[in-house]
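The listed protein sequences correspond, in order, to chains A and B.
In case it helps, my numbering puts the first sequence at residues 3 to 226.
In case it helps, my numbering puts the second sequence at residues 8 to 194.
Some clues are possibly wrong.
In silico DMTMM-like cross-links for lysine to aspartate or glutamate, where the CA-CA straight-line distance does not exceed 25 angstroms [unchecked claim]:
id	chain 1	residue 1	chain 2	residue 2
1	B	Lys182	B	Asp139
2	B	Lys19	A	Asp23
3	A	Lys168	A	Glu56
4	B	Lys182	A	Asp166
5	A	Lys168	A	Asp135
6	B	Lys19	A	Asp135
7	B	Lys19	A	Asp57
8	B	Lys182	B	Glu167
9	B	Lys182	B	Glu169
10	B	Lys19	A	Asp21
11	B	Lys19	A	Glu56
12	B	Lys182	A	Asp21
13	B	Lys19	B	Asp35
14	B	Lys182	A	Asp57
15	B	Lys19	B	Glu94
16	B	Lys19	B	Glu99
17	B	Lys182	B	Glu99
18	B	Lys182	A	Asp8
19	A	Lys168	A	Asp30
20	A	Lys168	A	Asp23
21	B	Lys182	A	Glu56
22	B	Lys182	A	Glu36
23	B	Lys182	B	Glu143
Chain A is faced by these chain B residues, among others (derived, beta-carbon under 7 angstroms) [as the list claims (entries may be wrong)]:
id	residue
24	Pro38
25	Leu43
26	Glu68
27	Ala76
28	Arg77
29	Val133
30	Pro141
31	Met180
The set of hints was computed from the structure by calculation and includes no laboratory data.
Backbone N, C-alpha and C define an ideal beta-carbon position, used for all residues, glycine too.
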Amino acid sequence: MNDASDAEDRAIARALDADSDERTRAADPRVVDEYREVLGHLPIAEVSPAPDLEDRIVGAALERRAATGTTTPMETPMERKRSRVLRRIRVASLATAVAAAIVVGVILATGTSPAPVPSARVSLATVRRAQIDSLARAPGSRVGTLGAIGRVVLASNGNGAVYDLKVDTAVAVGLVSSGGTTVIGPALPRGGVIAFVVDHPERVRTVTLMRQGSVIASAALSAP
Amino acid sequence: MPEDSPDRIWSKRLVAGDENALREAYRDHAPAVLGLATRVLGSFGGQAEDVLQDVFVRLWEHPDHFDPARGRLRSYLLAMTHSRAVERVRAEDSQRRRLEAAGNQLVDVATDPTRALTTLDSRSAVQRVLADLPSEQRIAIEMAYYRGLSYRDVAIALAEPEGTVRYRIRAGMQKMRAALQAEEVSP
């Protein structure tokens, strides 16, 4: 075998993990990458992971390296193809006070913001129906109806929840104020509830639900 | 690769610590990663979810290891998956059991559903070339890739000299590489 074939063999063996490290260590990384790209095109019978695996694996990853809090709203593959549109949106991160929070709010603003937008985060606490009723009865609380999808309550102390949700997939919650929209999530409803905390509830005028960047329901807040 | 390519933008988000970038990669590629891990692990398929976790935790932990200029994210993840799965198989399986399994799977490989998929599916030039390879080249490549067998183990399973197996795999892989390169430069 000549040197060229030998070098090619080493690269292929490395891409296939088919030979010992000692024999393939000298393989040209560029050629190995080319053969890995070839193998990446071979057909694979895909297997859908169990639904709870994503959170478990992301949780394990975050234990190794914490997220920065700078997030871009989740995109579908189709939306990623439209990334130029998304880049027109200024995305600024909001620091969250709770390190364990898995989702942080981001501010979406088009143009200059005349007033600061509130910061918000999803609450990880389990919220029972009695607590939601209590929130709604508290002085200064406001409520709204999210079409046929659910309802929302926001108390004057900043505790709020979208509840009675008739969706079982992850949705984002938008808190609309005069300065822009604070987007929390996406998050999976737990028992039909997504609880959240916002630092300036008095600025929030409308609450929206979004899926894959599109508003699916909206509620103007008012006294009960 | 252009500065604003989706993979490059996504990669910057991952390096910056954007959790949603990790979730997007998971949702796009986890089924393929789990599929390959299950396939390579064979009777150790119960460990496929561990491989899935290894791959995505490592992606998050070392985001700079993925260079969009060197290939697609899918290829990078599948290469990592293959290595992790092969490590596990070789650590846990005795050579005798693996070779017995490989022998039993020879027929399976030749009549593999993936083979049918390959002949019917015209998604990529690589898959078309794989389907058209002489069977001795295709089977050797499939045993090495899908079963995670070393050249030596493929040679023993096929009762051929190791040099012959190396030649067949090299010949087949070169044809697929050429097809991919031709496809990438075609309009």
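Hints, verified against the model:
{"no.": "1", "hint": "B:Lys182 x B:Asp139", "verdict": "holds, 10 angstroms"}
{"no.": "2", "hint": "B:Lys19 x A:Asp23", "verdict": "violated, 31 angstroms"}
{"no.": "3", "hint": "A:Lys168 x A:Glu56", "verdict": "holds, 22 angstroms"}
{"no.": "4", "hint": "B:Lys182 x A:Asp166", "verdict": "violated, 58 angstroms"}
{"no.": "5", "hint": "A:Lys168 x A:Asp135", "verdict": "holds, 18 angstroms"}
{"no.": "6", "hint": "B:Lys19 x A:Asp135", "verdict": "violated, 44 angstroms"}
{"no.": "7", "hint": "B:Lys19 x A:Asp57", "verdict": "holds, 22 angstroms"}
{"no.": "8", "hint": "B:Lys182 x B:Glu167", "verdict": "holds, 22 angstroms"}
{"no.": "9", "hint": "B:Lys182 x B:Glu169", "verdict": "holds, 20 angstroms"}
{"no.": "10", "hint": "B:Lys19 x A:Asp21", "verdict": "violated, 34 angstroms"}
{"no.": "11", "hint": "B:Lys19 x A:Glu56", "verdict": "holds, 21 angstroms"}
{"no.": "12", "hint": "B:Lys182 x A:Asp21", "verdict": "holds, 21 angstroms"}
{"no.": "13", "hint": "B:Lys19 x B:Asp35", "verdict": "holds, 17 angstroms"}
{"no.": "14", "hint": "B:Lys182 x A:Asp57", "verdict": "violated, 41 angstroms"}
{"no.": "15", "hint": "B:Lys19 x B:Glu94", "verdict": "violated, 30 angstroms"}
{"no.": "16", "hint": "B:Lys19 x B:Glu99", "verdict": "violated, 37 angstroms"}
{"no.": "17", "hint": "B:Lys182 x B:Glu99", "verdict": "violated, 34 angstroms"}
{"no.": "18", "hint": "B:Lys182 x A:Asp8", "verdict": "holds, 17 angstroms"}
{"no.": "19", "hint": "A:Lys168 x A:Asp30", "verdict": "violated, 55 angstroms"}
{"no.": "20", "hint": "A:Lys168 x A:Asp23", "verdict": "violated, 54 angstroms"}
{"no.": "21", "hint": "B:Lys182 x A:Glu56", "verdict": "violated, 37 angstroms"}
{"no.": "22", "hint": "B:Lys182 x A:Glu36", "verdict": "holds, 12 angstroms"}
{"no.": "23", "hint": "B:Lys182 x B:Glu143", "verdict": "holds, 14 angstroms"}
{"no.": "24", "hint": "Pro38", "verdict": "holds, 4 angstroms"}
{"no.": "25", "hint": "Leu43", "verdict": "holds, 5 angstroms"}
{"no.": "26", "hint": "Glu68", "verdict": "holds, 5 angstroms"}
{"no.": "27", "hint": "Ala76", "verdict": "violated, 10 angstroms"}
{"no.": "28", "hint": "Arg77", "verdict": "holds, 5 angstroms"}
{"no.": "29", "hint": "Val133", "verdict": "holds, 4 angstroms"}
{"no.": "30", "hint": "Pro141", "verdict": "violated, 17 angstroms"}
{"no.": "31", "hint": "Met180", "verdict": "holds, 5 angstroms"}
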